[in-house]
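Mind docking chain B on chain A? Use the hints.
What follows is each chain in one-letter form.
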Amino acid sequence: MISPFRPARLPDSAILQDHEPLIADLRRRGVLRGTLSLGALTMLTGCDLSSPKSVQSALLSISGFNDAVQAWLFDPTKLAPTYPASMVLKPPKFNAYYDIDKVKPVEGAAWRLELAGLIANKQPWTQAMLDALPQQDMIIRHVCVEGWDYIGQWSGATLRSFLEHVGADLRAKYVVFKTADDYPSSIDMATALHPQTLLATKYAGETLADPFGFPLRLRMATKLGYKNPKWITAIEVTNTYTPGFWEKAGFGWFAGI
Amino acid sequence: MPLAASTPRLRRLHPWPIRIMHWINAAVMLIMITSGWGIYDDDVIIRGLHFSQTFRLGDWAAPSLLWHFAGMWFLAINGAAYLTYGIVTGRLRERLLPIRPRDVLESIKDTLQFRIAHDDLTVYNAVQKILYIVVILAGISQVVTGLAIWKPVQFAGFVALLGGFQSARVIHFIGMAVIVGFLIVHVALSLLVPRTLLAMLTGGPTLAPRHPPTQAAQS
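These protein sequence lines are chains A and B, in that order.
Under my numbering, think of the first position of the first sequence as 1, with each following residue one higher.
Under my numbering, think of the first position of the second sequence as 258, with each following residue one higher.
Since the hints were made in silico from the structure, they are not lab data.
By construction, the Cβ of each residue, glycine as well, lies at the ideal position given by its N, Cα and C atoms.
Take the hints with a grain of salt, since some may be wrong.
Covered stretches of chain B (chain A as the covering partner; in silico rule of three or more C-beta atoms under 8 Å from a C-beta of chain A) [said to hold, decoys possible]:
| no. | region |
| --- | --- |
| 1 | 321-333 |
| 2 | 415-427 |
Chain A side only, calculated, beta carbon under 8 Å to chain B, not exhaustive [claimed, not checked]:
| no. | residue |
| --- | --- |
| 3 | W72 |
| 4 | D75 |
| 5 | K78 |
| 6 | A80 |
| 7 | P84 |
| 8 | D137 |
| 9 | I139 |
| 10 | V143 |
| 11 | I151 |
Excised from the complex, chain B in its bound form:
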């Protein structure tokens, strides 16, 4: 693109650090979820709920634990890098805020009427914003509750705050369920609107400069 060559600092929807961190996170999340299912199965939280061996990472608990305790480092470090990057560059605020109640109702209505064309990839609707915030919080919660389950004596005060060891386990399980729920919607929508998937691979459309003099035209 000649335009790209002439512009020294072109802003893309998904700059390369975001793309790298996104795909690392995608792989690590799958490792954590599937190895977590392997660990879960030895002492189920919901009676009768088992995860098929097909979807478990690891033949039995020991390899599943090895995967989980290896993946945790990548999840935590990559997640911390993502949050730091998002906060320092202002990306998180720019993409995910503000969320107005009116917009929420509007986008729920649109979604129910299957108006999910997603014409402009660079603007998230209110429901999208909420979903992304929820999954980011769930990710943080998984790291923190995971730490509590891993070290219930060293972090005994924190475990008590969560309501005890078994409560921490249940919260960790719920966090997984939230992330899996998000994943299903997220992957389904990205396949329905493949341009979004492509954007996360190539960077997507270029954006206007971050701080334009007038930020009016947003209706």
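Chain A extracted, bound-state conformation:
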């Protein structure tokens, strides 16, 4: 079976070559902008910060170190606080890299969840199959990287029970998600197996509404909001690191809370 994570046809490398001058020009502008904003710092520290590329790579390697520290801080048995049903926000807050009117609803009947990677049974899943798994319910705090938060009530199968059911290699490093809105995401296996990591199909007791990820989204009590992909179409278990949508833009990967 062809993995949904690898395109059948790779893009022509000539495209990159054709646009090389343009890319170089963009980089130069970035250098100029970076130099301006770092000018004051250079005077203070006496360090050579004139090359933003080296600064950027230093910051990214510290971010990688922080990912390791966060994995170490993460306690797989520690449960996030839960809250009474009276605190649940209805409807939940919408958040994506586009506005709510740009949401493209997924048709439930035609929807299939594809599986790939280190999974024994890669048969695609339907909504009915997911509903047949033991259901969990949790009322947890959603914490956004921007600083806002709200209490939400999520139901569905735990990702752990799903991974066990399909015979996934639970010693693998990553669980990767693909979505209908082209918002790839990957998480560590320890968090995937946490009891408060759900493949959510319901919010506040009702089937998920379209803007919030119908028919399937991830909901983790132990990670920032942007780590929770909506409209999931495929799950891969792998040892290969793949950055998610925001990680490619510079956000941290682990994003544990």
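Chain B in isolation, oriented as in the chain A frame:
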């Protein structure tokens, strides 16, 4: 200085570890404040209060967060080294204590009458002592509340103690405001009395031995 050469262990107002830690802290504080402003702007605490892009470190939230989460290590490690040094050598107690209520009133009166000549750099007045203690506590508070905001689930008990996630954010914001307020006064005064600035670069005047037999003459 011939005198300096003949004295084997000369005590300066600001020994070299203090100077190094001070300037590391100055740079890191500016990084933390300006990158914090970049993070703040995506979800403001005070409606209408934004920080201009000119003063933000990072074009948008992602680079600001990278700076903040890199700077935190330098802030915490340098701060811990400073406190350890200050406690072990007795410097903190020597410089910042005691604070007598009478002295506080006295120095407030002096300040209001613009008598801030600061003739003797080696002795802090009561208001200075309070300001330094407040900013040290604010620095500690920033590290601790920062940890709470970073890991509200792993440190859920502590976050609850602070009054919840949003309260922790507000306390973190207030800590920033206190430090910025201190910074404005601190920098302004050091520019008004440039000898203080010079002392933090070169070490400043020499001090009497730490434990003189009689510690009387302090009036």
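Hint check:
With 6 residues having a beta carbon nearer than 8 Å to a beta carbon of chain A, the region 321-333 of chain B meets the requirement of three or more and the stated coverage holds. With a threshold of 8 Å between beta carbons, the proposed coverage of the region 415-427 of chain B by chain A holds, since 4 of its residues qualify and at least three are required. Restraint check, W72 of chain A versus chain B: the minimum CB separation of about 11 Å is more than 8 Å; hint violated. Because the smallest distance between the Cβ of D75 of chain A and any Cβ of chain B comes to about 6 Å, under 8 Å, the interface hint for this residue holds.
Because the smallest distance between the Cβ of K78 of chain A and any Cβ of chain B comes to about 6 Å, under 8 Å, the interface hint for this residue holds. Taken as an interface hint, A80 of chain A checks out: its beta carbon lies about 4 Å from the nearest beta carbon of chain B, inside 8 Å. A hinted interface residue such as P84 of chain A counts as satisfied when its beta carbon comes closer than 8 Å to some beta carbon of chain B; here the least separation is about 14 Å, so the hint is violated. Violation of the interface hint for D137 of chain A is found here, the shortest Cβ-Cβ separation to chain B being roughly 18 Å, above the 8 Å cut-off.
Restraint check, I139 of chain A versus chain B: the minimum CB separation of about 14 Å is more than 8 Å; hint violated. With its C-beta approaching chain B no nearer than about 6 Å, V143 of chain A sits inside the 8 Å limit, and its interface hint holds. Hint on I151 of chain A is violated. Least Cβ distance to chain B is approximately 11 Å, over the 8 Å limit.
Of the numbered hints listed earlier, those contradicted by the structure are 3, 7, 8, 9, 11.
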